[in-house]
Each structure stands twice: as structure tokens, then as C-alpha cells.
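Asks: Going down the list, the protein sequences come from chains A and B.
The first sequence maps to residues 21 to 550 in this note's numbering.
The second sequence maps to residues 117 to 220 in this note's numbering.
Just so you know, the hints here were simulated from the structure itself, not pulled from any lab data.
Where a beta carbon is used, it is the ideal one built from N, C-alpha and C, also for glycine.
Each hint should be verified, as a subset may be incorrect.
[Unchecked claim] Quick list of the computed label-pair ranges, beta carbon to beta carbon:
no.	chain 1	residue 1	chain 2	residue 2	range
1	B	Leu192	A	Tyr193	48 to 56 Å
2	A	Asp120	B	Val135	40 to 48 Å
3	B	Phe119	A	Gln412	44 to 52 Å
4	A	Asp61	B	Glu152	36 to 44 Å
5	A	Arg535	B	Glu152	44 to 52 Å
[Claimed, not checked] Taking lysine-lysine and the DSS-like style, the derived pairs with C-alpha atoms no more than 25 Å apart in a straight line are:
no.	chain 1	residue 1	chain 2	residue 2
6	B	Lys205	A	Lys59
7	B	Lys205	B	Lys150
8	A	Lys59	B	Lys124
9	A	Lys73	B	Lys205
10	A	Lys73	B	Lys215
11	B	Lys215	A	Lys59
12	B	Lys183	A	Lys251
13	A	Lys46	A	Lys82
14	A	Lys26	B	Lys205
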Amino acid sequence: MASTPKPEELAKISYNPPERDWMDTKPQFRSGTWCYASKPDSLKSLGLPNPRKWSPSDEDWKLPENWKEIIFEGLRERLHKFRSLRLFMDICVRCGACADKCHFYLGTGDPKNMPVLRAELLRSVYRKDFTMAGKILGKFAGARELTEDVIKEWFYYFFQCTECRRCSLFCPYGIDTAEITIIGRELLNLIGCNIDWITSPAANCYRTGNHLGIQPHALVDMIDFCVDDIKEVTGIKIEPTINRKGAEILFIAPSGDVFADPGTYTMMGYLMLFHELGLDYTLSTYASEGGNFGLFNSHEMMKRLNSKMYAEAERLGAKWILGGECGHMWRVIHQYMDTMNGPAGFMEQPVSPVTGTRFENAKSTKMVHITEFTSDLIKHNAIKLDSSRNDQLRVTFHDSCNVSRAMGLIEEPRYILNHVCNNFFEMPENTIKEETFCCGSGSGLNTDEFMEMRMAGGLPRANAVRHVHDKHGVNLLSCICAIDRAVLPSLMDYWVPGVAVSGVHELVGNALVMRGEKERTLDLRMQSFE
Amino acid sequence: MSFEIDGKVFEVDEDGFIVEPDLWNEAVAAYLAKTEEVEELTEDHWKVVNYLRNYYFEYGIAPMVRKLCKDTGYPLKDIYELFPSGPAKGACKIAGLPKPTGCV
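Only chain B is shown next, with the shape it has when bound in the complex (with noise of 0.2 Å):
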């Protein structure tokens, strides 16, 4: 499976996550943000897109839920205002960012 944008193509799992987080760019952020229910991406949305990036290249993992709440200064239920499917299915997906995998 995959999308392309501006003839580049980009391959996703099956869940619509994409393969290489290093490929991800706005565009991508703006196509994926479709997916989820998110028409715009609002200034908000891109404090917490670039947070879980940043922490992402980092730590080589997407942060504990609750870092991000406190991080961005978002509560959880503000985060699922922003992103429908939540943090881990919206927020991560949005930010180009791999599904989380065990006992999660």
C-alpha cells in the first residue's frame, strides 16, 4: 500500500502508517491528517506534531502519553479534541511517526 504526492510515493502499513518516518514532510503530515478526521492542520495541531517528531529523532520512540500532555501543555482529552483517534492513531500517524508494538 501506498500514496503518492508531487510524483513521490510513499509506501504504508496496513494501517496507513508510513514506512520510513525519514521521508515524512508537511505535505505527507497535511495527506495523513486527511485520514483522520483532521481537515486542517491548526497551529495547535503542529505543536504537537513537531513535539512527538522531535522527541521521536531523539529518543527513537514516540513519548509516554502523558509527557506529551505535559511537553505541549495539551490535556489528553484537548489531544483527542485535535486528533480523533487520539494520540498513538492520530498524533503519531499525522507526524509520520511507527505504530507502537507489545504490551500497549
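Here chain A stands alone, though its shape is the one from the complex (with noise of 0.2 Å):
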């Protein structure tokens, strides 16, 4: 793994272009702007083509013999499927408004990170073959032949976009570039060229359950270390209960929160507030899984992954399904599950025990976001808080783009986080809500080998945090997405040292008066709340 340059060195950007024309410019594949390639052994569990050993910087990628038939066939197949993708391809006028709206332009200042550009990668092949004008003029009309450089340039820059759908807020014709990275991506997949942070964990998720592959009895045993930890700050032994069948509501969350750090801490809160609540509910480890990274592989796979949702649901029974702070678990769910698993008629629209609200917004899918739920708590004085426990925090709060943009969940959160804590304080305002900066490590790039493209990408979102660093003296970010909590502590020590990382819940946890409970002296990770 190449050594990440020091931050005065990554900031040094220019953004002048090269010499040559994009079409002749090709990508330098450097370490530590790319991802590893996936592992054969994860590519036949999960089915898919051409698994053998290669790295993306060899220069032979063992690619079918009929690649290039397939690459077509794929394309032509997702033109007619996805009209949008169509659309896309052909009502671009190329002015550029999305150009410096992507945090890997700005942290790269490589022009092919330009939104309007990494599409043209795409469409240049699609103008080729697919229309009339790059048939008869090629070059002239912005039509290239698709040849196995074009691959790697895909290759490089597909897995070089986090689908954050932040260009797509500026572009006046609505194109989302994301979706275009997703039929990059799918298309790349047809000849095997993915890589292993995002077929690894969609393997794992698929024989057990979870991107990281924990078995029935390890999820047992974490679980086990929250309630025993839960019970050192609290003097509360709570029981929560696994695959039980006949409870009111199934809780999934990001598998992230129940092993990484700070993740965990924030299990603790929802396990803790379950508790006060006395709600009727279950965790499962079949359903083990909030996120899916199957949707940074292909629609197939990601439909395959999301549908142990609504089967654990109906085998345990469950009226409705509550999801924990997990970012692109929720795209999925509010853009594709209803129609691509669904109707799940076998539940109920969900309604909360507590309150007695109902949720309207989950008529359909069914399932509530944990900050929705909570807000809507607090909303009805249903449980009771001391927000001082987290005086000693100045807190700042990252959307996620996928719960932001992908979803439009703005206030929940904020409601909540003014609840739980007395020094909020927003970043600027083009860097939040629905204009939120991408971590610079999503959709299936948070890996270490690629930490210099996620320092760089991440930078516009670590600026905006050291605004309020340095004007309020921010320490901690909040987050609810599981990515950004593995992610954002590296990229806060890189550029703004001294800003740690948090759930939401993790607060809740700290702030929440629980009946019985002892003098609490100590947050959730053992600090005094002096």
C-alpha cells in the first residue's frame, strides 16, 4: 500500500488541464487512487463472471475474449430497460454547471473528475454505436471506439465517483451522474472488473448475512459486549432478543455499528433507547444488514441483497421494520425496494407504539428511519434527556448524501441533535442538507488502498468542518450513515485534528434519563462527562 502525501503536499492542486485532448489522455494508475480488484473467490459465490486473479495495474486485465460483444449487449440492454439512462446519454449540453460540484474535482482537480466529463466517458462509446450522428461523423460528433483502454479509463473513474448525486442537484436537465457511475459500474461487472471492498462484502452479505461476515454467534457475542458495557454506565442490564419470532418490530442496522468503532457506541444508543422504551422488537442475524453494497455492484445484486429485509420480516412475523443511521441502506429502500421486493403486504403501515403516530411516508415500504422515530418521540416528551451529559461536545452534523439527496431526511436529525446536545453549530450552508459534501469515501470506496483519493475527495466536506472548527470550536462530528463513521475519524485526523466522529444515537444514548438507572458519571465510550 503506497504512503498517503502529507496534507500541505495533497493540497497543493492544479487545476490546469493537460496538454492533449481528453480522448488521447489516459489515466496513470497510481497506488493510492485506486481499489484492489476483486478476489475470485468472492466473485463465483456470488455468481458472477470471469473471477481470476488480476490487479489493475497490470497491464494484460484477462478480459473475456468477447468483452467487447458484452460490453455492447449490456449497454443496449440498459438503454431499452432504463429510460433514464437513454435520457442521460443524449440531453447533455455540456455546460458545465455540475463541473465544480464534485468533491473529487476539487480535491483532484483532474478534469475527468468533472462530472459532465465522467459521463462523456460513457457516452462517447454510447454516440458510437448507438447514434446515428457519431456513426457517420465518429470523433468529430464526440464518438470514440470502445477499446480495452476505455475499459481501464472506466475502470478508473467509475470507481473513482461515490455516487453522491451532489453534481445531479446543479444540472438544469435533472441528469444523475450517479446513475450513470451505476450502469458503468454493472457494465464493468458483465466482464469482471469490480473491486473486492465492494464484491467481498456483498459475498460476505450474501452467505451470512452482513458485509463483514459475522456468523449467528459472533453478532451474539457483540451484542453481548454493548449490554455489558451498557450496564458499566448505567448500572441497567438490558435484554435485547435475536430472531424472535411474534415481535412487533424487526431492527436492522448498518453491521458497521454492531463491530467498528465508533459505530458500536451508537448500537449502544438504540439499544438503550429500545430498552426505555420497552419496545416490542427484534434484531436478527439473517436480516443482519442494513447497508447493500450490492447497489454499488448492479441492480440484480443489490435487489438479491435487500430482499432479506421483508423475508426475515415475514418469517419472524414483524408489524414493520425499524432501520438504524445507515447511509445508502436507505437509498435503496426509498427509491428501489418497494417495487423491487415488494409489496410487502404481509406487514402493516408502521405506526409507533410509543406515540401513536403514523407514519404516512411508510405506507408503502414500510420501514421507519430511527431519527424519524425518535424525532417523533422527543416531539411527544416520550422519553426524557439531559442534554448537559454532552456539554463537554461541540457538535456539527455531516448529511449523508444518500439520506439527504437520495431521500430528503434534512430535519429529523437536527431536531434530535438540538435535543440532545446545548452547542450545535452548522457548517456553511452549500455544504449541508441537500447540498451536503460527500465523505469521499462512499459506495464501496471507504478502503485503506485507496486513501490518498478519499484525503483529496474528502476535503471540501474537511474544510467545511474546519469553518466551524476554527469559528466555534467544534469536536465532534455527527453523522448517521455507518461509512461515514468508519471513514470520517481518518479523514477529520488528516485535515482538522482534533474533531471526532459520532452516531446520532450515540448522543440519544448519552443524554437519555433511563428509569432506575445509577448516577451516571461516564458517556458511552467510559470518558466523564466532565
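With the hints as a guide, bring both chains together as one complex.
Replies: The structure is reproduced here in C-alpha cells:
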């Protein structure tokens, strides 16, 4: 693994375009800017094509003999299946409104990270073989031949886009570049050009129920650990149930919250809240993953992994599903789940058993976001909070792209934060809510060999944090996504040392006054409240 | 990629994690330790390595970092002193465990 350049080096960004035309400029596969190739075993367990040992830094990518045919057929099929794709291929006028909205372009200065040009990588091939102008005029109409070099360029840039959709917000035509990246990745997938950090979690999820490959007895062990720590902090022994038939609510969190810090503190927060409410809920070892790395692979893989949620809810007889603080999980639920694996007629429209609130927005999916659930509790004074327990923290909030932009969930986490802590500060307006800047590591790019690009792509987000850190002394970046919780600590250590990262429900857990609790002196990280 | 000890070949991934945890032995640990800035494996190192291996064989995954600290009695900063690249990339690699993937 290459060592990452120092911040002062990485901050020297050149926005001068290369001397040669973009079609004649090839990407340099320099360590730190690309992710490792999928392992053959993971491809095999998912039944995906062309499992082999290879590396993107190799000259020979060992493509199948008829790879060109496969790509053309794949593109033809998708142009037919997704009218949005055909539209996105045809209507771009190259106005450039998207160009400086991408965190990877801002952080690297590489023109092919301008969303318009990233899309052009695919569009040029589309023009050559699917439009009359391109067929006749070729390069003059912006068309080009599909070659192995084009495949390499696709791989390089489609796995440098985090599908965050910030660019699409500014496109006057509403072109969703994330969907172009999604299709680009699907096509690459057809010839076995995918990255291990996506296929191995997807394979794990398929085999064991979650990305990390946590088996049922290990999940129990991890939950037990959280239970012990909660006892130490509050004096209360809680008893979560797992795989319990007949529970009213099935709760599904990202597996990162079960396994990895600081997500585990958020897991403790969920469990404490549910205990205090006396909620009739269960966790599951089969549907033990909120996230869906299948989304970063193909529509089919997304559907396959997502189907576990409804299948498990039906098996257990749950009335509705409560979902944890996960980012892309909610994009899948909000934009695809209902038509893909629904309708889930065996469940009921979610109703909070505590406040009686009927979640109209969840009528079709039967899934409620934990921040909707908790903000509703707070609004109805259904829980007692001592926000002074978070007084040592000066908090800001990073809107996770998939939850804010893809789902429109903006106010609920802020409502909660404003009730569980007394020092909350917003980052500048054009870096939050719908216009939030990506963490730089989303869509399965949160792997360490990609660190240089992660730090470059995360720079716009980090800059905004630095602003509130300098101005208001912010020392905690809260968020509602497990990839965020996994990657933002490195981003902060790199660009804004002194800022920690947490989930929102960790802060809820700190502030929650529980019946029968001992005098609380420690926060969930076992640090003194002082 | 691979390395060889006493005529036996051990395959490793791009980051130097051994591909087959079952083939691990103490000599492999000593070899991997040198790649992770650990010159010599002391009793403290072995306590962590053995704990990780036992947990892995029982549960099929590395333990939560906090559990590792609690059960071995070493606070995280001590783990970093023992294994400069940390519990996952340092200690787990030396113990022959696979790299965790996902939202970590």
C-alpha cells in the first residue's frame, strides 16, 4: 500500500487541464488512486462472471475473449430497460454547471472527475454505436471506439465517483450522474472488472447476512459486549432479543455499528433507547445488515441482498421494520425496495407504539428511519433527556449524501441533536442538507488502498468542518451513516485533527435518562462527563 | 504474492495478509511482525496474538477492538505501542487473520 502524501502536499491542487485532448489522455494507475480487484472467490460465491487473479496495475486485465460484444449487448439492454439512461446519454449540453460541484474534482483537479466529463466517458461510446451522428461523424460528434484503454479509463473513474449525486442537484436537466456511474459499474461487472471492497462485502452479506461476515454466534457475542458496557455506564442490564418470532418490530442496523468503533457506541444508544421504551422489537442474524453493497455492483445484486429484509420480517411475523443510521441503505429502501422486492403486504403501516404516530411516508415500504422514530418521541415528550451530559461536546452534523439527497431526510437528525446537546453548530449552507459534501469514501470506496483519493475527495467536507472547528470550537462531527463513521475519523485526523466522529444515537444514549439508572458519570465511551 | 519459510510457501494478499489463516504458525507470525515494524514478538505481543487467534477460530471473525482491549487488559494506546499499525492492520495481520471488509 502506498503511503499517503502529507496534507500540505495533497492540498497543492492544479486545476490546469492536461495538454492533450481528453480522448488521448490515459489515466495513470498510481498507487493510492485505485482499489484492488475483486478476489476470484467472492465473484464465484456471487455467481459473477470472469473470476480470475488480476490487478488494475497489470497491463493485461484478462478480459473475456468476447468482452466488446458483452459490453455492447449490456449497454443495449440497459438503454432499453432504463429510459433515464437513454435520456441522460442524449440531453447533456455540456453547460458545465456540474463541473465544480464534485468533491473529487475539487480535491484532485482532474478534469475527468468533472461529472460532465465522467459521463462523457460512457457517452462517447454510446454515440459511436447507438447514434446516427456518431456512426457517421465519429470523433467530430464526440464519438469514440470502445477499446481496452476505454475499459481501463471507465474502471479508474467509475470507481472514483462515490455516487453522491451532488452534481445532479445543479444540473439544469436533472441528469443523475450517479446513475451513469451505476450503469458504468454494471457494464464493467459483466466482464469481471470490479473491486474487492465491494464484491467481498456483497459476498459476505449473501453468505452470512452482513458485509463483515459476522456469523450468528459472533453477532450475539458483540451485542452481549454492548450490553455489558451499557450496564457499566447505567447500572441497567438490558436484554435485547435476537431472531424472536412475534416481535412487533424488526430492527435492522448497518453491521458496522455492531462491529466497528465509533459505530458500536451508536449501537449502544439504540439498545438503551429501545429498552427505556419497552419496545417489542427483535434483531436478526439473517437480516443483520442495513447497508447494501449490491447497490454498488448491479441492480440485480442490490435486489438480491435487499430481499433479506422483507423475507426476515415475514418469517418473524414483524408488523414493521425500524432501520438504523445507515446511508445507502435508505437510498435502496426509498428509491427501489418497494417495487423491487415489495409490496410487503404481510406487514402493516408503521405506527409508533409509544406515541401512536402513523408514519404516512412509510406506508408502502413499511420501514421507518430511526431519526424519524426518535424525533417523534422527542416531539411527544415521550423520553426524558438531560442534554447537559453532552456539554463537553461542540457538535456539527454531516448530512450523509444518500439520506439527505436521495431521501430528503434533513430536519429529523437536527431536531434530535438540538434536544440532546446544547452546543450545535451548522457548517456553511452550501455544504449541508441537500448540498452536503460527500465523505469522499462512499459507494464502497472506503478501503485503505484508496486513501490518497479519499483524503483528496474528502477535502471539501473537511474544509467545512475546519470552518466550524475554528469558528466555534467544534470537536465532534456527528452523522447518520456507518460508512461515514468508518471513514470520517481518518479524514478528520488528516485535515482537521481534534474533531471526533459519532452517530446521532450515541448522543441520544448519553442524554437519555433511564428509569432505575445509577448516577451517570461516564458517557458511552467510558469517559467522564466533565 | 507470497513468501517462503522453511521451504513452505505462504500466499498473501495485496496488503500482506496471509490468504489461508489455517496455515499460520509462529514462524509466520515472526515474519509478518517484521513487515509491521515489530522487531521481536514479546510475551505481550503473544498474549494479543493468541487471543485474536482463539477468538477467530471460535467466532470466524476478529473481535471488536474494544473487546480485544477489555479481554487482554491492554488499553488501545498500548495496543498501538505493541503494534504500530494498530489492532486490525498490525495485530490481526500478524495473527494471520483475514482483513475485515464493509463499513469499517
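Asks: Now tell me, hint by hint, if it's right for this structure.
Replies: Okay, the hints, checked on the actual structure:
With their beta carbons about 50 Å apart, Leu192/B and Tyr193/A fall inside the hinted range of 48 to 56 Å. For the hinted restraint 40 to 48 Å between Asp120/A and Val135/B, the CB-CB distance of approximately 43 Å keeps it satisfied. A beta carbon spacing of about 48 Å between Phe119/B and Gln412/A agrees with the range 44 to 52 Å that was offered as a hint. Between Asp61/A and Glu152/B the beta carbon distance is about 25 Å. The supplied range of 36 to 44 Å is therefore violated.
Between Arg535/A and Glu152/B the C-beta distance comes to about 48 Å, which sits within the given range of 44 to 52 Å. Restraint check for Lys205/B and Lys59/A: the C-alpha separation of about 19 Å stays at or below 25 Å, so the hint holds. Taken as a hint, the Lys205/B and Lys150/B pair is honoured in the structure, with Cα atoms around 13 Å apart against an allowance of 25 Å. Between Lys59/A and Lys124/B, the direct Cα distance comes to roughly 23 Å. Compliance with the 25 Å bound is thereby established for this hinted pair.
The straight-line distance between the Cα atoms of Lys73/A and Lys205/B is roughly 23 Å, inside the 25 Å bound, and the hint therefore holds. Simply put, Lys73/A and Lys215/B have alpha-carbon atoms about 18 Å apart, close enough for the 25 Å limit, and the pair holds. Taking the CA atoms of Lys215/B and Lys59/A, the gap is about 13 Å. The hint holds against a cut of 25 Å. Pair hint Lys183/B plus Lys251/A holds up; C-alpha atoms about 15 Å apart against a cutoff of 25 Å.
Between the alpha carbons of Lys46/A and Lys82/A the distance comes to roughly 19 Å, so the proposed pair stays at or under 25 Å and holds. Only pairs whose Cα atoms come within 25 Å are accepted, and Lys26/A paired with Lys205/B is accepted, the gap being roughly 20 Å.
Hint 4 from the earlier list is the only one contradicted by this structure; the remaining hints agree with it.
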